[in-house]
Amino acid sequence: MSSAPNATATSAAHSPVPPITKWVGPVLFSWLVPGAGYFMLKRPIRGALTAISILVMFSLGLLMRGAMFEWLWSSQDMLTTVIYCGGYVANLCAGLPYFLATWLGYNQPDVAGHVHDYGTKFLAGAGLLNVLAMVDVYEIIAGKKD
Amino acid sequence: MKLSLSHFEMALVFALITSVILGIVTKKTDRERIQYGLQCFGYFVAALFGIAWLMKLGHG
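From first to last, the protein sequence lines stand for chains A and B.
With this note's numbering applied, the first sequence covers 1 to 146.
With this note's numbering applied, the second sequence covers 147 to 206.
Extracted from the complex, chain A is given alone in its bound form (with noise of 0.2 Å):
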């Protein structure tokens, strides 16, 4: 008699993956155009604010002439390799903007100097907050979110 409600609250607790041919689109999607994953479960208001908010955010870090981070992995240094390592992949979270600002030429070398350094968490700040999007476009598809 008592196994029927720790059953239910055991389901609660542990809402179930969605399948992954429902989710992988819409994140993938959000993850290459900032905000288009909001576009596409039809909230077009969190989509726009999402991605005037991280185009802004990456387009005032190519301003401040910021520097992207490259993959360097330092076998004596972990501080570097963790530094370089999650900034490159920070980067690369930026999506379609990252790629653009890549193959049309931005290589703007690491510089002292506030403005530079701003610009460049500015940049990988840009690729963070788009991972705080994907993963709220997931959440809306699992049903955690409206």
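One or more of the hints may lead you astray.
Stated by the list, open to error - Cβ-to-Cβ under 10 Å is the rule here; a few derived chain A residues that face chain B: (1) Arg46; (2) Thr50; (3) Arg65; (4) Val115; (5) Gly119; (6) Lys121; (7) Ala126; (8) Asn130; (9) Leu132; (10) Val135; (11) Glu139; (12) Lys145; (13) Asp146.
I should point out that these hints are in silico values taken from the structure, not numbers from a laboratory.
The beta-carbon is built from N, C-alpha and C at its ideal position, and this holds for glycine as well.
Could you slot chain B onto chain A? The hints should help.
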């Protein structure tokens, strides 16, 4: 063309954009989102002033 803003201006722009995204992805209703976004922005600005004063006092 190179954009050149002060530390304060850049930190404010960063805080504004990050607060908008945090508001969008964190809460469930629009009212909660706006409230949380404003709250985050307030915390960012408070931290900005707090850390700035801390550094000024620390440097003497």
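Tested hints:
For Arg46 of chain A, the interface hint holds, since its Cβ comes within 10 Å of a Cβ in chain B; the closest pair sits about 5 Å apart. A distance limit of 10 Å between C-beta atoms decides the matter here; for Thr50 of chain A the minimum to chain B is near 6 Å, and the interface restraint holds. Against a cut-off of 10 Å between C-beta atoms, the interface hint on Arg65 of chain A holds, since the closest Cβ of chain B lies about 6 Å away. Because the beta carbon of Val115 of chain A sits about 5 Å from the nearest beta carbon in chain B, less than 10 Å, this interface hint is met.
With its C-beta approaching chain B no nearer than about 8 Å, Gly119 of chain A sits inside the 10 Å limit, and its interface hint holds. The beta carbon of Lys121 of chain A comes within 7 Å of a beta carbon in chain B, closer than 10 Å, and the hint placing it at the interface holds. At a threshold of 10 Å, the smallest CB-CB gap from Ala126 of chain A to chain B is about 8 Å, leaving the interface hint in force. Interface hint status for Asn130 of chain A: upheld, as the beta-carbon distance to the closest one in chain B is roughly 9 Å, under 10 Å.
For Leu132 of chain A, the interface hint holds, the least distance from its beta-carbon to any beta-carbon of chain B being 5 Å, beneath 10 Å. At about 7 Å, the closest approach between the beta carbon of Val135 of chain A and any beta carbon in chain B falls short of 10 Å, and the interface hint on this residue holds. A least Cβ separation of about 9 Å between Glu139 of chain A and chain B falls short of the 10 Å threshold, and the interface hint therefore holds. The interface hint given for Lys145 of chain A is met, as the beta carbon of that residue sits about 6 Å from the closest beta carbon of chain B, less than 10 Å.
With a least beta-carbon distance of about 6 Å to chain B, the hint placing Asp146 of chain A at the interface is held under the 10 Å criterion.
Going through the hint list in order, the structure satisfies each hint without exception.
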